[in-house]
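**Q** Sequence:
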Amino acid sequence: MPTPETFPSSPLLLRAGPITLQYDPAAGDIRYIRWGGREILRRVYAAVRDETWFTVPATLTETVREIGADRFRIEYEARHTRGAVDFRWQGTITGEADGTVTFAFDGEALSTFQRNRIGICVLHPAPLAGADCRVTHTSGEEEAGTFPDTIAPHQPFFEIAAIAHEVVPEVRATVRFSGDAFEMEDQRNWLDASFKTYSTPLALPMPVLVPPGTRVRQSVTLSLSGGAALTPPDSLVAPAVCTVGERTDFGMPGVGLSLPSEVPATLDPFAELLLNGFPVDYYQATLNAAAPGFGDALTGALEAAEGAGKRLVVALRNASALPDALPAEAEAVYLWLVVPPTPEGLTHARSVLPDQGNRIVGGAAGGNFTDLNRQRPGPGDWEAIGFAGSPQVHAFDRLSILETPPTIADTLRTARTFTDAPLFVGPLTFYGSYQRDDPRQRSVLAAVWYFAALAYAVSGGANHITLCETVGPRGILDTDGTAYPLYHLLNGLMEAAQGAVCQVTVSDPLSLAALAFDTLTGGQRVLLANLTDRPLRVALRGVRNTEMAGLRLLSEASEGSFSQTETITPEPDGSFSLTLPGFSVARLFLETPR
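Residue 278 in my numbering sits at position 205 of the sequence shown, and the numbers go up by one each step.
Calculated from the structure, these hints are not laboratory results. Accuracy of the hints is not assured; some may be wrong.
Calculated cross-link-like contacts (lysine to aspartate or glutamate; reagent style DMTMM-like; alpha-carbon spacing at most 25 Å) [unchecked claim]:
| hint | residue 1 | residue 2 |
| --- | --- | --- |
| 1 | K269 | E215 |
| 2 | K269 | E148 |
| 3 | K269 | D222 |
| 4 | K269 | E112 |
| 5 | K269 | D253 |
| 6 | K269 | D444 |
| 7 | K269 | E216 |
All chains, full assembly: derive it from the sequences and hints.
**A** What follows is the structure, encoded as structure tokens:
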């Protein structure tokens, strides 16, 4: 089981000749390795994972920091201790003027413990999907391949000694691995925005006993080749661009909230009032058909949904144990999703559940998209298809979390290659399934992530999107009625989403997310989110001719709710220019002049 962690220190910007990158002194990793504006690698880091796949955190002590104009050398000692695990390693990161970057790992076990993985991981960025590459295997053989376009259910490459890809037609980047057998997996299965190359092949038996004195030595080296390798184009600081395109033929998908697994005995009347008026389409309850109190739990979920004026979706576990006699009010359930969708469970559910002409019985993977991707249903097997998602499966820092939203569109695009059934995404939650409480759920950061996740779920063609719980530490407001920023974000979003969805493109998905709607009165509503912790200049283009726009901001400065409306005027070319504070959402009201 992984552990949440934050990396509070500021990244250090480094240069190795034509290469730029960020070094995180608290984590000891390097990120966003770029040639000019082209990202080559998303991240290089080392991990110690015990027999339960828990990522044991490290304490770092930096011993060398030599930084020049076009080269650098950093050395540190990392110590991982938790339970039986006591492991120490020396990290050395170097950059040379010719663009060569090396990450070296030299470690030793100081105790006896079980491990599933120890060593370096390299993340290629998800935008490389579909790009050609050349893999050199440990046997010396070379293989021409591609980074998977749709999400690969299993490892695309094994026994990797090196992998190369084209940065631009005149420049090629090669990553070489040493010290162990490496293979690649498509991390988009878990919403990570990367292809991960790691050591210790999954086909090998694990966990492995690690005696004291065991040494682990690995290294990864990035190098460039090609006539233009040393002369990257200038990476100019320019505004992020959002371009609004034509309207689509669909509106906002159905959006729902999850009922808490532990419903408070009493709810503050103010909290109840806020919930009952909240503009979502349905509630979703996860119920266990084998539990002794299943009937009462179903009745309680229906009462909660009906009391708030919502339909009810039931994610049904252990469907084979569903009793033949259900409460009469079960006829009011809008949708039943069998989790996991075993043939026996689906057959039994279809025979028992009431059919009032609008019943849907579908299947939902028990966890992440990978569960669905590796056990794909045949055509017509399920009437609806669902899968859950969280950005906190492999990484828990805010940079990694805010990289994940575009991957949601990739999961939906992949699902559409093997089904035309309605797609239910969710619960789609900021927190991980193992977490009782992540305090950031109550922050503007989480609201920004939920907005970006919704934006990509909409553009990816989701039919229904279930989000977090209604109340409590995993909800949109506290049991006493205190509204979290997410409450205000969703309330404002659903108010804006009253017309047709418009196509949008953004120039930098790592910085900006967007949604746009044509209103029923001929205007437009555009929502923009700054995914970074620094002010972001944005150029909004393609909107209808307007004389001015109303602007409201949700940010830390506005205390997590939308600020009062201010007006902005267009540039001479009809675009709008605005600066978004770090971690914020802007809501623009654009009306067509009469």
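**Q** Confirm or reject each hint.
**A** Against the structure, the hints:
no., hint, result
1, K269 with E215, "holds (19 Å)"
2, K269 with E148, "holds (24 Å)"
3, K269 with D222, "holds (15 Å)"
4, K269 with E112, "holds (15 Å)"
5, K269 with D253, "holds (15 Å)"
6, K269 with D444, "holds (18 Å)"
7, K269 with E216, "holds (18 Å)"
Hint compliance for this structure: no hint is broken.
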